[in-house]
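Add chain B to chain A, keeping to what the hints say.
Protein chains: 2
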Amino acid sequence: MVPHLTTSLTGPLQELERQVLEQRPEIERWFRTQWREHEAPFYTSVDLRNSGFKLAPVDTNLYPGGFNNLNPEFLPLCVHAAMSAVQKICPDSRRFMLVPENHTRNLHYLQNVAVLKRILEGAGLTVRIGSLIPDLKEPMVVETSAGEKLTLEPIVRKGNRAGLDGFDPCAVIVNNDLSAGVPAVLRGIEQPILPPLAAGWTTRRKSHHFHAYDRVAENFAKLIGIDPWVVNPVFSQCGKVNFTEKEGEDCLAANVDFVLNEIREKYRQYGITEQPFCIVKADAGTYGMGIMTVKSVDDVRNLNRKTRNKMATIKDSQPVHEVIIQEGVYTFENVDGAVAEPVIYMIDQFVVGGFYRVHTERGIDENLNSPGAKFVPLAFETDCHTPDCSGKPGDTPNRFYTYGVVARLAMLAAAAEVEELVERDSAPEVRAANA
Amino acid sequence: MVPHLTTSLTGPLQELERQVLEQRPEIERWFRTQWREHEAPFYTSVDLRNSGFKLAPVDTNLYPGGFNNLNPEFLPLCVHAAMSAVQKICPDSRRFMLVPENHTRNLHYLQNVAVLKRILEGAGLTVRIGSLIPDLKEPMVVETSAGEKLTLEPIVRKGNRAGLDGFDPCAVIVNNDLSAGVPAVLRGIEQPILPPLAAGWTTRRKSHHFHAYDRVAENFAKLIGIDPWVVNPVFSQCGKVNFTEKEGEDCLAANVDFVLNEIREKYRQYGITEQPFCIVKADAGTYGMGIMTVKSVDDVRNLNRKTRNKMATIKDSQPVHEVIIQEGVYTFENVDGAVAEPVIYMIDQFVVGGFYRVHTERGIDENLNSPGAKFVPLAFETDCHTPDCSGKPGDTPNRFYTYGVVARLAMLAAAAEVEELVERDSAPEVRAANA
Chain A
1190 MVPHLTTSLT GPLQELERQV LEQRPEIERW FRTQWREHEA PFYTSVDLRN
1240 SGFKLAPVDT NLYPGGFNNL NPEFLPLCVH AAMSAVQKIC PDSRRFMLVP
1290 ENHTRNLHYL QNVAVLKRIL EGAGLTVRIG SLIPDLKEPM VVETSAGEKL
1340 TLEPIVRKGN RAGLDGFDPC AVIVNNDLSA GVPAVLRGIE QPILPPLAAG
1390 WTTRRKSHHF HAYDRVAENF AKLIGIDPWV VNPVFSQCGK VNFTEKEGED
1440 CLAANVDFVL NEIREKYRQY GITEQPFCIV KADAGTYGMG IMTVKSVDDV
1490 RNLNRKTRNK MATIKDSQPV HEVIIQEGVY TFENVDGAVA EPVIYMIDQF
1540 VVGGFYRVHT ERGIDENLNS PGAKFVPLAF ETDCHTPDCS GKPGDTPNRF
1590 YTYGVVARLA MLAAAAEVEE LVERDSAPEV RAANA
Chain B
1190 MVPHLTTSLT GPLQELERQV LEQRPEIERW FRTQWREHEA PFYTSVDLRN
1240 SGFKLAPVDT NLYPGGFNNL NPEFLPLCVH AAMSAVQKIC PDSRRFMLVP
1290 ENHTRNLHYL QNVAVLKRIL EGAGLTVRIG SLIPDLKEPM VVETSAGEKL
1340 TLEPIVRKGN RAGLDGFDPC AVIVNNDLSA GVPAVLRGIE QPILPPLAAG
1390 WTTRRKSHHF HAYDRVAENF AKLIGIDPWV VNPVFSQCGK VNFTEKEGED
1440 CLAANVDFVL NEIREKYRQY GITEQPFCIV KADAGTYGMG IMTVKSVDDV
1490 RNLNRKTRNK MATIKDSQPV HEVIIQEGVY TFENVDGAVA EPVIYMIDQF
1540 VVGGFYRVHT ERGIDENLNS PGAKFVPLAF ETDCHTPDCS GKPGDTPNRF
1590 YTYGVVARLA MLAAAAEVEE LVERDSAPEV RAANA
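Keeping their order, the protein sequence lines are chains A and B.
Residues in the first sequence are numbered from 1190 upward in steps of one, following this note's numbering.
Residues in the second sequence are numbered from 1190 upward in steps of one, following this note's numbering.
Think of the hints as simulated: they come from the structure by calculation, not from any bench.
Honestly, I wouldn't trust all of these hints.
Copies of the same chain look alike in the list, so a pair counts if it fits in one copy or across any two.
To be verified - In the DMTMM-like style, the derived pairs of lysine to aspartate or glutamate whose C-alpha atoms are separated by at most 20 Å in a straight line are:
| hint | residue 1 | residue 2 |
| --- | --- | --- |
| 1 | 1435 | 1487 |
| 2 | 1277 | 1228 |
| 3 | 1411 | 1281 |
| 4 | 1277 | 1226 |
| 5 | 1277 | 1215 |
The structure presented is a predicted model; accordingly, all values stated were derived computationally and were not measured.
If we strip away everything but chain A, and leave its shape as in the complex, we get (with noise of 0.2 Å):
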C-alpha cells in the first residue's frame, strides 16, 4: 500500500513546506479557532495538485465518494472522526438513513457506500440506505466491487419526516451531490440533513467556493507570510454560456484572457518557464464532465462540434450555462511513471487518509477525475496529521502534512460556503420560491 512517489521538488514548494512545518503550533491554533466559529461539514474531499512551485486545491467534494479507496488501516481514523461529528451535530441520533447516488452499476462507487456505512456503525449508528431510484418499489440487494451486499431501500415520506419502511431515522446523511435538483421527498423534512441540502450542485457554485477560499487563503498566507498564490489557483467565471449554441464565447474568451495573463505574470515573477494553462469546467456539478484544458484564447474561440457537446452536459444531463476558468496547476507528481494527484479526505475537522488518483493516459496538464478513465487509487502511507518534526521538507510524511493542511484550507472554505448557502437557502424570499 506505500505509494512510490516520484515528485520535482526545488523552490518554493519546499519553502511552503519549510513555512508550514515551522510554524505548526501557529498553524494548529488557527485551524482550532476558526472550527470555534465555522462548523466543519460532516465529511469532504479536496482534489489537490502539486507542481512542485504550487499546491493548491483545484475541487472540494461535499459527497466525497471514495472512502473504498483509503487505506483499510485508516478506518479507525474515520470512525473517531465520526463519533466527534456526531457528538456535534446530533448526539441525540441513534439511527441514520444514508442517501447514496443512484448509479448501482458503478460497484466501486457502491463499495465506497459500504464503506461509509460500515464507518457510521462504528460510530454506534444504525445505518440503512435510502435509495432515490425513481420507481424503486421494493429494497433492492446489491452487490459492490468487493463483494459486500448492500439493501437499498424506497425512502418513505410522513409528513415532515423521511424515513423507510419500518425504520425512523434521527438524521440523514446525504452521499448523494443533487447534480439532479433537490429530491422532493427529503425536501422541508425535520430531521437533520448531512450536508445540508443547499450545498448540493443545484445551488452550489465552484465560484463560490473559490470565493469563500480566496479568502481563507490571504489569512492563512498572512498568518505564515506566504504569497497566497501558492495555495491559490487563479480563477475567473461566466454566466451565460451556451456550447451548443456558441453563446457566450466572448465572456468566455475575456475570462481566459484574464486568467492566462494573471498566471503569466506570477510565473514571471516566480522565474516558471512552463506554459501557463487553465481549465475551463462547469461551474455547478462533478465527476469530471464539461472540463477542458485551454492554453490560449484561440482554444476557446475554435471548438469544435466534439468539444461543445461534451462541454454542453453534465452529470443527469443538466446542461452547462455557467463555468468557471481557473488556473491550471501542472502535477508534477507521478505514481510509477503516470501523472497522478493527491486526493485528500476529511470527516469532521481531521484529515482521515488519501489516495492517488493515478492516470496512465493522460498528460501533466489535464483533468485526471474523468469518466471512464483507468485510475489506480494507491493509499497514503501516512495520516496526514504526524510530520515526522526531524525529516526534511520532502520526506513523505512532511509532503502528507502539508497536503492535509492545504486540504484543510479548502474545507474552511466550504463550510463558510455551505453556511451562506444554507442562510440564503433559509431566506423568506427563496423559500417562497422553492415552495
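Chain B in isolation, oriented as in the chain A frame:
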C-alpha cells in the same frame, strides 16, 4: 504485535458481550449524552479484569504512564483524540509544558513521556518538559529505553505563571500522579492544568472513584438490562488503619468479611465455583504498591511483619492509613500461558488503544501491576472501537469493543469524580486550609 489470547468464555460474559454488541447504538448514544454533561479527562487508562463471568475495571489512572506500550499504528488515533481534547479545553494554546514523574531511571517510563510528547506535537503543540526533580538547576538530557533523548528543564515560577526558562506555556499537562503532594510551583497558577491538581493522589481516593463508578454502572446496567455486578466489583473501605502499629484490624476484618460475603452470594446466584477473594489496597496511590490478596478474614488477622511493612507505605514513602477492600476479579485471560489483564488507554472521550499486562510469575488472583515485576506489554491488534458486527461475541474485535465500553464507563466515573474533587478543592474552607 498480535496477542495470542486464550480466554475462558462461557456463561455471563458472552451474554454481556452479546448485549453490548446488540445495543451498541443505544450505548454510544448514551455515552454521547453523558459527554455533554461531563468533561472527559484529558487522558485515562483503565486496568480491567476479565473472569469470563465478569468484566470490570479495577483501577483508573488519570496520569497514564504506558503510552509507549500502545501499538505504534494507533499513534494517529492518539493525535486525533488529543486534537479534539485541546479544541475543547484550551483551543487558544500553542505551548504545553509537560510535567512527568521524577523517576529518571525508569527508561520505559521516559519512553512513555517521549511518546506523549510526540502525540501532543502531532496535535500541533510546542511541547517542553518541566521537571519537578528537587534541586534541578539546569536542563538535563536523559535517554529513553528506545534511545530517544529528552530534555528535562527546571520549572520556573513567575508570579501567577509557571514555565521554563524562555518558555511561557499556555497550559500545563501533568503526567505525575502527585503522590508526594501538590507541588508549590504549580499551586495557584493561572494557566489551565490538565488534569486539575485536585485529581492527584494527594486528594484523590480509589473509594471515591468507585462510589462514582457505582452510579455509572447502575445507570449503564439499567440501560442495557444487565445485573450491574457483572461490570462492577463490590468494595468497602477503612479510614483509620495503621499496619505498623496493628491499628484498625477490626475494621479491616469486618469489611473483608462484608465484601467476601457479597461475592459469595453472587457466586452462588450465578453458580460460580471459584473461591471468592478480595484485594486490599491503599485508597490513595498507585504503582501496585501496598496491595495484598485476601481470601478469608484470617488473612488480615495474622499479618506477618513483612506483609505489614509492605502495606505500610507506598510510592514516595507515603504512609497508608486508608484502604479500599475490593472484590477480586479472577483473570482468566492468558498470553502464552502467563496470566494477563487488559489495560485500556483513552484520550478525551476516545479509546486510543490498549495492551495486555502479562505476568509470568503471578497467579490468576494476584495483582499484576507490581514493582519489579516482569511484564510483557502486548499491543492490541484492533482499536476497541469498531466491532465486527458479523462476528460472534467471543471474537477478538468484539471482545475489544466490550473492553472499550467498560473502560469508558470507568472514565465517565472519573470525570464525575474529578468534577467533585475540583468543586471541593475550590470551596473557601479548603482554599484557606491549603494556603
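- How do residue 1277 and residue 1226 come out at 20 Å by Cα distance, when the copy is not named: within, between, both, or neither? Both ways: residue 1277 and residue 1226 sit 14 Å apart in one copy and 13 Å across, limit 20 Å.
- Item | Within, between, both or neither: residue 1411, residue 1281 at alpha-carbon 20 Å | Classified as between; 18 Å across copies, 40 Å inside a copy.
- Status of residue 1228 relative to residue 1277 across identical chains (alpha carbons, at most 20 Å): For residue 1277 and residue 1228, both the intra-copy (9 Å) and inter-copy (14 Å) Cα distances are at most 20 Å.
- Query: Should residue 1277 paired with residue 1215 be assigned to within, between, both, or neither, using CA atoms and 20 Å as the limit?
  - Reply: So residue 1277 and residue 1215 pass the 20 Å test across copies only (17 Å; inside, 25 Å).
- Message: For residue 1435 and residue 1487, with the copy left unspecified, which applies at a CA distance of at most 20 Å: within, between, both, or neither?
- Response: within (14 Å within a copy, 100 Å between copies)
Violation of the numbered hints given earlier is absent; every hint is satisfied by the structure.
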